[in-house]
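Top line first, the protein sequences correspond to chains A and B.
106 is the number of the first residue of the first sequence in this note's numbering; add one for each residue after it.
106 is the number of the first residue of the second sequence in this note's numbering; add one for each residue after it.
Keep in mind the hints are simulated off the structure, nothing from the lab.
Don't take each hint at face value.
Put simply, identical chains are the same to the list, so a pair is met inside one copy or across any two.
Straight line, CA to CA, 25 angstroms or less: simulated SDA-like cross-link-like pairs of lysine to any residue [to be verified]:
| id | residue 1 | residue 2 |
| --- | --- | --- |
| 1 | K138 | C355 |
| 2 | K342 | P110 |
| 3 | K378 | C355 |
2 protein chains.
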Amino acid sequence: MKFIPIGGIRLATIAAGIRYQEREDLVLMELPKGNSCAAVFTQNAFCAAPVLVAREHLAATSPRYLLINSGNANAGTGEPGLLAARQSCSLLADAAGCDAEQILPFSTGVIGELLPIEPIQAALPSLVSQLDEANWPQAASAIMTTDTQAKLVSRQIEINGQMATVTGMAKGSGMICPNMATMLAYVVTDLAVTPELLQQALELAVAPSFNAITVDGDTSTNDACLLVAAGSSSLPKITNVDDVAFHALCEAVTEVCMVLARAIIKDGEGATKLVTILVDGAVDEVEARQVAYTVAHSPLVKTALFASDPNWGRILAAVGRAGVQDLVVERVGIWLDQVCIVRRGSRAEDYSESRGQAVMDQDEITIRIELGRGDVSSRILTCDLSHDYVTINAEYRT
Amino acid sequence: MKFIPIGGIRLATIAAGIRYQEREDLVLMELPKGNSCAAVFTQNAFCAAPVLVAREHLAATSPRYLLINSGNANAGTGEPGLLAARQSCSLLADAAGCDAEQILPFSTGVIGELLPIEPIQAALPSLVSQLDEANWPQAASAIMTTDTQAKLVSRQIEINGQMATVTGMAKGSGMICPNMATMLAYVVTDLAVTPELLQQALELAVAPSFNAITVDGDTSTNDACLLVAAGSSSLPKITNVDDVAFHALCEAVTEVCMVLARAIIKDGEGATKLVTILVDGAVDEVEARQVAYTVAHSPLVKTALFASDPNWGRILAAVGRAGVQDLVVERVGIWLDQVCIVRRGSRAEDYSESRGQAVMDQDEITIRIELGRGDVSSRILTCDLSHDYVTINAEYRT
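In isolation and in its complexed conformation, chain A is listed as follows (with noise of 0.2 angstroms):
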């Protein structure tokens, strides 16, 4: 994992014992004084009780420390899951010297179960003494569940001969279908932005990255995708919308957010295909990701996915219940990369078993759907169902 550390931002990692043994699962993440944090939260009406809380933080002052935990998601968890968040941040506020509502506490995990206070308390201390720029790795390793490979990556921009950064990491494979957030994502610039600029950065990023992926159509309690400009770059503030900086920013947080949104996918639980679906042709964006989503969620493409067998019916079925309001089946055309598989409703004349088998007997693969309804188009990332995925979630929590 090839990173770039952001000056001002620092970290620290620790294995507290919230759930899993013998591995980090709490990760304190310390933002400088004067930052700008822009965010968006899972739209799930079971939101998790850190999710409540650190929308409740943010909108009371700017936050200086994050902490972040794994194995315990602390979501349905009523009152006293309420408590346990706050309480969180009280002993933090107590142990780095400064308000609690600067605090923005995250969980991931299993549902339903109470967070436990004491191992968090204790691991207190010794994180706040371990806060280090280089800690990235291991943050990005320790805020991981069900994901077998740690998501962080950096980009450079060149704004008037200097170079400003934009760093990242995320975590998720399962639960995995996010609705204007993602299980948990943290982005951070060195460069100085205002809030209002930063949010929309952050909207902009999110938009074709993490609210265009699904592994299980299942949306998570306990989403969250942060953007925080750390403002330790010497280059100006950034408060102008048509500022040049300002877009080469938006390019920076978007392309950061697109590696680590395909890196979710490419990680999702027993995935073994990255799949685009493309939907060309709709009349409105509400149609084009309806199609796709259809198609992204059908059991039955996805086992085929899994099978690398081109077994275009189900796509083609999927398709057709998707509720487009009087779909022209004739007008409907689906491609597998290059090949076309179904023309004007069915089965295209030139295509051959042995051509859709090629691109099925690829790792990566888009599927193209075209609806002959209008110019909308849209894409999506998905992945296949396999074995691996019943394993991984019917063993979960054994």
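Following the hints, put chain B in place on chain A, whose structure we already have.
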């Protein structure tokens, strides 16, 4: 399979070799002159060629024969597929001595391959010669694809001291999420009923049965459900919606459909558990079904069910992402059978893992979700997601 034949309804089966070797795959059902026939078909935009032809023929005249093949769905096959469906009707018309429009074709099996007409043509004379009222069990077996159990049931009702019968068969195991219809189901009564009342009886019966089940959320291109009133009973024809005989018939048809729908889910691909999802306290039916289907289709809920893991956080997360506007989580309750797992939006105080486990260990489970918003309820049937589901669907074509 206990069943009661219906006077005037004769069936025949044969191993035509359409796709499967060494098993029967072609069924002919003869209906008596003067029957009434009601039908519902798939809402999938890519409905199969036989569905198009059956709809057309039904609109033109009263059917005398149903020709049903398994192994090939004749869907996504365009004009050549339509031609093949029409040809099979013409060929049978010649063999049986009727008009092609008096024949309804049905197909189920792999999507996207052209239906071979030669094996059907070769089989027709022998098929016609073997028609017999006793052949229901053979027919129920011959229409199966990935089903492991034939699905055949009868109910009798007493009308004015005389018995009338409803007998039905169905097939279905995967690609099950019927929308106004199911895979294939044929229900017949010996009563005489007007077509309008028969359609009413069918739609009443389908709503809580075939339209309230899901294995994998994938609506088939070939779903069809027929209700035939043979009129062979000596009881007077049912012509009035207020006739007590009509109510008795509706009840019996609904019961037959419920038994068949339940059999489809019990025989769901790879299914190890039969799961009822009951949503109470919804504002309307749409919302209740939306929550029920979101839970039923969640791969994480389904794999937890397979593992007999009372991982109720996954149920809660699915309810939370079901898109209910302004859901007040503090009013939400969730039960596994009689065990309350979530009360007022978080883990019930009296819940214990061992009580949840005891329910999860059962073969049949009811998940009840109280939304606390209104007084509308909805009930659907589903099953778990197991290794065998992946195996069956990763290997189905090979």
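Are there hints from earlier that the structure breaks, and if so, what are their numbers?
3
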